[in-house]
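A.B. asks: Sequence:
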Amino acid sequence: MDQIVRDLVALGMKEYEAKVYAALVGIGEGNAREIHIASGVPRPRVYDILEGLAGRGFVEVRQGSPLRYRPEEPGVVTAKLRGALEGAADRALAGLDELRLEARPTPAPIWYLDGEWSIRRHLESLVHGDYAALTVICMLRSGPGEYAALLSEAAGRHTVDVVVPEGAAQACPEGVRVTVAGEFCPFFQEKIYGKVFSRPIDHEGSVFSLEYIFMADDEESLIVYTENGRRKGVIITLPFITCVQHQLARKMIAGGRDAAAAPGQKIYTGEERVHT
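Start counting the sequence shown at 1; every next residue gets the next number (UniProt numbering).
By construction, these hints were calculated from the structure, which means they are not laboratory data.
Fair warning: there could be bad hints in the mix.
Distance windows between CB atoms, simulated [to be verified]: (1) A79 - G145: 39 to 49 angstroms; (2) E166 - D7: 45 to 55 angstroms; (3) P109 - Q247: 23 to 33 angstroms; (4) I4 - G83: 44 to 54 angstroms; (5) A148 - A88: 35 to 45 angstroms; (6) V207 - D130: 35 to 45 angstroms; (7) R141 - Q247: 18 to 28 angstroms; (8) V9 - P200: 44 to 54 angstroms; (9) E73 - V234: 23 to 33 angstroms.
Note that the Cβ used here is the ideal one computed from N, Cα and C, for glycine as well.
Please model the entire structure based on the sequences and the hints provided.
C.D. replies: Here you go:
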């Protein structure tokens, strides 16, 4: 009966109400003493609870000495509880929408995300965004397969490029162009790609590892990384940063090789694959 009580509480009953109603359903009919024994609810509380349940139409009362009680059909009771819960949810949503319309949000060029759910939700908004191209730098050796469905949907709306390191899994949905990263700038290759992108960074007792950079044109980017093994994200809309990220990504694509080509062979060279 414990699970029944928990479910009734989740639907809006108080714990003692749920225990009394469930016990009454179990015995079919009873007086306060019998319900007290069946439910475990203190007898002085049983009377008040039964009166409250009767007032809500959940219990029927038969006059006599002592009073006897019979439960309303569970289907009727749960339907009333569900309706009240859905009504409260609708009213809360309407009220929150009004508050949101009245609010004056302060633009934030950098926003932090914590956890996979938040990251995936923002990626979904990027997929449905109004932009020309989605560029993805994936630093995982396993490749971007975990986001295959989102990349496939994005490819139906935008140009999608994915850059992966040499030796990484390259499988991507149809319509997604995959480039294996190549060298194009000694400084970037040594100081940034080699030291920041490709390996964990130990900073003040925490270990950071870059996993992805998603870029919607040069207007917005989402950096996905782990901090001590926990996945997090950073949304960036600051133009100084997003423009630099986008240009570096396009240069990586221009200097890389198409994943369908053999190592050492370039199908796309120079600026052939660079678009803004």
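A.B. asks: Hint by hint, note whether the structure agrees.
C.D. replies: For each hint, the structure was consulted:
no.	hint	in the structure
1	A79 - G145: 39 to 49 angstroms	holds, 44 angstroms
2	E166 - D7: 45 to 55 angstroms	holds, 54 angstroms
3	P109 - Q247: 23 to 33 angstroms	violated, 18 angstroms
4	I4 - G83: 44 to 54 angstroms	violated, 19 angstroms
5	A148 - A88: 35 to 45 angstroms	holds, 39 angstroms
6	V207 - D130: 35 to 45 angstroms	holds, 37 angstroms
7	R141 - Q247: 18 to 28 angstroms	holds, 26 angstroms
8	V9 - P200: 44 to 54 angstroms	holds, 45 angstroms
9	E73 - V234: 23 to 33 angstroms	violated, 54 angstroms
This entry does not satisfy hints 3, 4 and 9, going by the numbered hints stated previously.
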